[in-house]
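The hints should help you fit chain B onto chain A, whose structure is shown.
Here the protein sequences come in this chain order: A and B. Under the numbering used here, the residues of the first sequence are numbered 1 to 217, in order. Under the numbering used here, the residues of the second sequence are numbered 1 to 191, in order.
No wet-lab data here; the hints were simulated from the structure. We treat Cβ as the ideally placed atom computed from N, Cα and C, and that holds for glycine. Do not rely on the hints blindly, as some may be mistaken.
Said to hold, decoys possible - In silico contact screen, one side only, chain A against chain B (beta carbon under 7 Å); selected entries:
(1) Ile11
(2) Pro20
(3) Arg23
Said to hold, decoys possible - Sample of chain A residues with no beta-carbon within 10 Å of chain B, all distances over it, derived:
(4) Phe48
(5) Val55
(6) Ala59
(7) Ala60
(8) Val76
(9) Pro100
(10) Thr101
(11) Ala103
(12) Leu104
(13) Gly107
(14) Ile147
(15) Gly205
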Amino acid sequence: MTSRSDADGLIEDLVTDLRPVRRLAPPWLRAAGWLLVVLAAAAVLSRFGDLHALVRRLAAEIDMQMALAGSTVTAVLATLAAFQLSLPDRSRAWALLPLPTAALWLGSSGMGCLDMWLQPGMAIGTISGAADDCMMLVVGISLPLSILLFLMLRRARPLRPGLVAGMGGLAAAAAAASLLWIVHPFETAASAVAVHVVAVLIVIGLARVAGSRALGG
Amino acid sequence: MDTPDAAERRRGELMAAAQAGDGAAYAALLRDCLPTIRAIARRRGLSPDRAEDAVQEVLLTIHRVRHTYDPSRPFSAWLRAITERRVIDALRRDGRRQAREVHDPIAMEAEPDGTPEPGDAIDAIRQMGQVRAALASLPPRQREAVEQIGLRGRSLAEAAEATGRTKVTLKVNLHRALKTLRTRIGGDADA
Numbered sequence: 001m002t003s004r005s006d007a008d009g010l011i012e013d014l015v016t017d018l019r020p021v022r023r024l025a026p027p028w029l030r031a032a033g034w035l036l037v038v039l040a041a042a043a044v045l046s047r048f049g050d051l052h053a054l055v056r057r058l059a060a061e062i063d064m065q066m067a068l069a070g071s072t073v074t075a076v077l078a079t080l081a082a083f084q085l086s087l088p089d090r091s092r093a094w095a096l097l098p099l100p101t102a103a104l105w106l107g108s109s110g111m112g113c114l115d116m117w118l119q120p121g122m123a124i125g126t127i128s129g130a131a132d133d134c135m136m137l138v139v140g141i142s143l144p145l146s147i148l149l150f151l152m153l154r155r156a157r158p159l160r161p162g163l164v165a166g167m168g169g170l171a172a173a174a175a176a177a178s179l180l181w182i183v184h185p186f187e188t189a190a191s192a193v194a195v196h197v198v199a200v201l202i203v204i205g206l207a208r209v210a211g212s213r214a215l216g217g
Numbered sequence: 001m002d003t004p005d006a007a008e009r010r011r012g013e014l015m016a017a018a019q020a021g022d023g024a025a026y027a028a029l030l031r032d033c034l035p036t037i038r039a040i041a042r043r044r045g046l047s048p049d050r051a052e053d054a055v056q057e058v059l060l061t062i063h064r065v066r067h068t069y070d071p072s073r074p075f076s077a078w079l080r081a082i083t084e085r086r087v088i089d090a091l092r093r094d095g096r097r098q099a100r101e102v103h104d105p106i107a108m109e110a111e112p113d114g115t116p117e118p119g120d121a122i123d124a125i126r127q128m129g130q131v132r133a134a135l136a137s138l139p140p141r142q143r144e145a146v147e148q149i150g151l152r153g154r155s156l157a158e159a160a161e162a163t164g165r166t167k168v169t170l171k172v173n174l175h176r177a178l179k180t181l182r183t184r185i186g187g188d189a190d191a
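Chain A extracted, bound-state conformation:
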């Protein structure tokens, strides 16, 4: 029965290695901590953005209202799901939580894009210039938020790093998309909204690849 003594020997080693550990806070509390940082970022960005213009644009376009509501709620739900999924005994079904609002967000963004393309006389140069800036903003805002989120998620040493990383990427991208509305520099906000989709997919893809390695290490 040598194999049995292997396990017993390992238990002795682990007991020798035992140190008191600080239990993780509940996932909702940890999610709230990160969302507070996002809120603080929103407060800082609002000093540079034109909130009145944002309110006017939102009042005028239903697509924008839905996209903003969708991205904001997706950020909250994806953050909660990521922290839940980082724990071993939580159901994978948590991954489904942000999907309906993500569909609303990305769907209404797509509608905004379609509206823009249907507008007569829309210059292609305007679209591509807006797209570049928009892409840079989403990725630029997502990056520090993602790093912080991943550092927090890493504390749980997730057993499903790929899934947690993907969910974390979705949370960071959705939060960045919401923050972007505050500082959006374009007159036709809808013209850049579709670019969010591409930027978001890039952020989620990067998070899935780089994040799962970081979380699994």
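Structure of chain B alone, referenced to chain A:
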């Protein structure tokens, strides 16, 4: 004999004590978990030998993520989730290893032979190929332990510093890697 509820409560209490650093509670809990882990591993189709490897993986994982256990939740669900995850990992590794082993002989035949004595050279290449293939087929963490301690000659402490893993983890990984290599390369000599 504990009722299921009492046993569940007792395990939860032992884990909470272990989180606070109580070694005796921790040892009692881990020993208490062994039958459950073995039962899940075997039910999932692991051979007794592979099941024992999986048991050690589960014990190491419990140790690494012990801070994630919430005493207000059932301990057995936490344990079962970790065990299922590690057993699935073991099954996937087995699948990948079998797929590689099918192709390894072809790779060895493709090795260039630059020595004047073809018979000896083929044997040497075959042995080198066996060692390389056996090393390559090790799970990444076991291979890392062999490379750090076995090949680079680092001490446990140096290897722990270089890899960011604990000395216990490295020791267990090295032990398991050598056991696997012995079986694959020197199996005939041991028999």
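Status of the hints after comparison with the structure:
1. The beta carbon of Ile11 (chain A) comes within 5 Å of a beta carbon in chain B, closer than 7 Å, and the hint placing it at the interface holds.
2. For Pro20 (chain A), the suggested interface contact is upheld, since its CB lies about 4 Å from the closest CB of chain B, less than 7 Å.
3. Nearest Cβ of chain B to the Cβ of Arg23 (chain A): about 6 Å, under the 7 Å cut. The hint holds.
4. Every Cβ of chain B is farther than 10 Å from the Cβ of Phe48 (chain A); the closest lies at roughly 39 Å, confirming the non-interface assignment.
5. At roughly 42 Å, the least C-beta separation between Val55 (chain A) and chain B is larger than 10 Å, which holds for a residue marked as non-interface.
6. Against chain B, the non-interface label of Ala59 (chain A) holds: every CB pair exceeds 10 Å, the least being about 45 Å.
7. Consistency note on Ala60 (chain A): stated as away from chain B, and its beta-carbon is indeed over 10 Å from all of that chain's, at 47 Å minimum.
8. No Cβ of chain B comes within 10 Å of the Cβ of Val76 (chain A); the nearest lies about 22 Å off, and the non-interface call holds.
9. With 10 Å as the threshold on Cβ separation, the claim that Pro100 (chain A) sits away from chain B holds: the shortest Cβ distance comes to roughly 26 Å.
10. Every beta carbon of chain B lies more than 10 Å from that of Thr101 (chain A), the smallest distance being close to 27 Å; the non-interface claim holds.
11. A cut-off of 10 Å between C-beta atoms confirms that Ala103 (chain A) is not in contact with chain B; the least separation is 29 Å.
12. Remark: the non-interface label on Leu104 (chain A) is consistent with the geometry, its nearest Cβ contact in chain B lying 31 Å away (cut-off 10 Å).
13. Against the 10 Å criterion, Gly107 (chain A) stays outside the reach of chain B, whose nearest CB is about 34 Å from its own CB.
14. Taking the minimum C-beta to C-beta distance to chain B, about 18 Å, the non-interface status of Ile147 (chain A) holds against the 10 Å cut.
15. Listed as a non-interface residue, Gly205 (chain A) keeps its Cβ farther than 10 Å from every Cβ of chain B; the least gap is roughly 23 Å.
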